[in-house]
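Visitor: Please build the complex by placing chain B on the supplied structure of chain A, with the hints as guidance.
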Amino acid sequence: MIKFYDWLRGSGVYAVTVPPMDGALKPNDLLETASIATVAAQPDNLTPDGSRVLFSTGNTLMSLERMGEKWSAQSIASFAAAITCIGAEGRGGIAIGIDDGTVLLKGGKHDGLRIDKVADRPLVCPTACAFAGENTLILCLGSLTNPASRWKADLMERNETGSVWSIDLASGAATRLADRLAFPYGLQIAGPGRIVVTESWKHRVVEIVGGKVKELLADLPGYPARLARSGDGYWLSAFAPRSQMVEFVLRERKFCLGMMANIDAEYWMAPALISGRNHLEPLQGGAIRHLGVLKPWSPTRSYGLLVELDAAFKPLRSLHSRAGGRHHGITSGIEFDGAILATSKGGDAVLALPRQS
Amino acid sequence: MSETFVELQGITKEYRGVPALRNVSWTLQRGEVHALLGENGAGKSTLSKIVAGVTGATAGTMLVEGKPTQFSSTADALEAGIAMVFQENNLVPTMTVAQNLYLGDEKPFNRLRKLYIAAQQFLQSMNFDVDPWATVSELGAAKKQMVEIARAVRKNARVIIFDEPTATLTPEEKGHFFSLVRRLKSRGVSIIFISHAIEEALDISDRITILRDGELIVSDAAASFDRDKIIRAMVGRALSEELYTKKREPRRAGARILSVQNLSLGQMVRNTSFSVYAGQITGIFGLIGSGRTETAKIVAGALKRNFFYGGEIAFEERRVRYRIPRPAVRDGIVYVTEDRKREGFFEHMSISENFYTNFMAAGLQKRNVVSIKEMTGLAEEWTKALHVRTLDASARVIELSGGNQQKVVIASALVKQPKLVIFDEPTRGVDVGAIADIHQLIRGLADSGLGVVVISSYLPEILNLSDRILVSRTGRIVEEFSPDDATEEKIMFAAVH
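First to last, the protein sequences are chains A and B.
Heads up: the first sequence runs through residues -5 to 351, numbered per this note's numbering.
Heads up: the second sequence runs through residues 77 to 573, numbered per this note's numbering.
Here chain A stands alone, though its shape is the one from the complex (with noise of 0.2 Å):
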């Protein structure tokens, strides 16, 4: 009754309302402005791994080092598909996910090990992976149907589907520590035995305590992506904005399957990693670009979005890339060298600002 209550009113669950972004997430132009480390088609994957940082950019891994006030990136190994994840040991053993289901393993001590099953689930989309020591893989997967790359289509399905867990390399036995997970898409060891991961599609980070999941930082006004180590906090990255017109869509089912049914999914009227360089996207027109100007504060598909959290997971302040900019799809964000890295992945670039900016 409450439900079909809370249909009819648009509220509740089915409210079709967005955080706004003020506060420590009031928006500015740092991200935007930020100098650009390496240009690189669709980065991701920012993890520190020694005096190297290791990134992705489609199939290829890639390390990116300091040199002065410039950035040096090379290329380390490319795989048969796209890299959705990176963990690094610290102690040269590398986990790297790949958009064809594995898991495999570089260095260190299982090396060449390859992860293509958990328990018998067909591993399909690994979206973050953590070493907690050196025979224990943490492992996210973001979706049961649907690979890395498909990740509109998980989000338009209202897909409820991922999971983590905990995978002994030496045997190969896998624990599943959380299921039912909305697209759990960073991962965090934030303490011993403290897992903390980010659920996209629920706009929250949670910890994971006994199977069950416990809110840590909910109602993001973006779609939260990795998560990193920031001194005694964390950098979250958020890799789209939420809009109520989006919300609208996931509400409205038969025109959600419809629209996903007959148009490509560049052009659904869903987050996007950059938006606004076709005619054919939704939102055109006044609601974002007037008299040729792409307005800052207009409701768009896409963003860029860092946020600092602090030891408690609350916002301390943040770093944007505004409708009107290029910097947007942040999909990871990482301090390093008394910097301040994050991939752009919709940009194309790798974005480097002060640690104090």
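Each hint can be trusted.
Rough simulated footprint, nothing fancy, chain A against chain B, three-plus residues with beta-carbon under 8 Å:
| no. | region |
| --- | --- |
| 1 | 379 to 385 |
| 2 | 388 to 400 |
Computed cross-link-like contacts, EDC-like style, restricted to lysine to aspartate or glutamate with a CA-CA straight-line distance of at most 16 Å:
| no. | chain 1 | residue 1 | chain 2 | residue 2 |
| --- | --- | --- | --- | --- |
| 3 | A | 20 | B | 560 |
| 4 | A | 289 | B | 555 |
| 5 | A | 20 | B | 555 |
| 6 | A | 308 | B | 393 |
| 7 | A | 20 | B | 561 |
| 8 | B | 143 | B | 79 |
| 9 | A | 308 | B | 392 |
| 10 | A | 208 | B | 393 |
| 11 | A | 308 | A | 226 |
| 12 | A | 196 | B | 393 |
| 13 | B | 250 | B | 275 |
| 14 | B | 449 | B | 468 |
Here are the in silico distance ranges between beta carbons for each label pair:
| no. | chain 1 | residue 1 | chain 2 | residue 2 | range |
| --- | --- | --- | --- | --- | --- |
| 15 | A | 310 | B | 393 | 12 to 22 Å |
| 16 | A | 174 | B | 446 | 50 to 60 Å |
| 17 | B | 396 | A | 152 | 22 to 32 Å |
Think of the hints as simulated: they come from the structure by calculation, not from any bench.
Virtual Cβ for every residue (Gly too), placed ideally from N, Cα, C.
Guide: This is chain B only, laid out in the frame that chain A set:
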């Protein structure tokens, strides 16, 4: 013909033995703008009420056009050409603006259409943007004030007393008001202008009279005053600029205590979103009609949002939808109204009864029966904490001055032990001394970890108090400033454009 229109000789007024005016001798010239200044409780309102026939003097004589006069009612005074526009309006809320304007002048067979056309023409001639068809209860405080002013002007009064006329007006409306005052003056109408805005008094008046503790301190030509001299005379000490010029570090935000998302209410609140954090003062600035008050009232359960797609409110990360204020109060949300007379207190009840009623509304009383001891204790505690100037807590609220009434309203909210306090124009119609007290109190609340929202039309107040500043325009929050980068110009630009 003498230039003096009204003369008071040795006027004394006592309420229950407490003198509100002591031996005041004062004159009002024809066609002059005369500002009456003083702290709350100084006796300005009492003096003007005696002139307007609202109340009589305990001792002394009033001369109108040289003749000893004692009005028995405001109607008597109006007949003699003296009208008063009250700080808290006296309109009939269920009637339309036009009906209120012509109240008492109705003919046996009224043509409503003619009445509305005449009212519209009259309001337009005064540059007041008020719909004559609107019911008064639907109007905001500023528009009610405009109707009050229009009513007094329409009566062709020769003396018009304005009690805090500009407190609720926007800068543009103030401009219209001042040009109206000048027009009235040029027609030979005398204006008594009671205000706490010292600059306005200096700008517009020909003469200024300053009262303190019921005594006339000084009465002289406006040209002989400056701001500091006025403040010294008002408070008996140099308060200087300390109220609005202190720079300080903004407080760090605590947990998000309130999240308002895409809230809508008709044309007044349009898809507005903002958050409030514990341990911070969130200032909301906006012009009249920008939907600030309505938004606050929806949050506090005093108004209902749109039935369909009305938006969401989360208090302490829990979705809430209050249909009446009581559950909001019990959850810890209190709203301190901008319209204290109508919504702030029970004017014929005592201070202690007002406190205790609010205390009970929050369900905090120990037993389900009224405890006189609890009530007295509460009254003592809060009158002391807020420096309410009264003989004792059994005094009726209606007998208090505006500033002390405001303190009672604030204390009545705070006895509910809230987690989030929303102040709507907390210092409207309050003197400089009381403003300092109220600001101190608001800061103290934020320091103690409560979420505090201050809605104000007075930019220096917003700039001085707020840890973050939100600007409201046409029913939604359109801009956020940190105190570091906020200036009056930037805020006003955001509020207008």
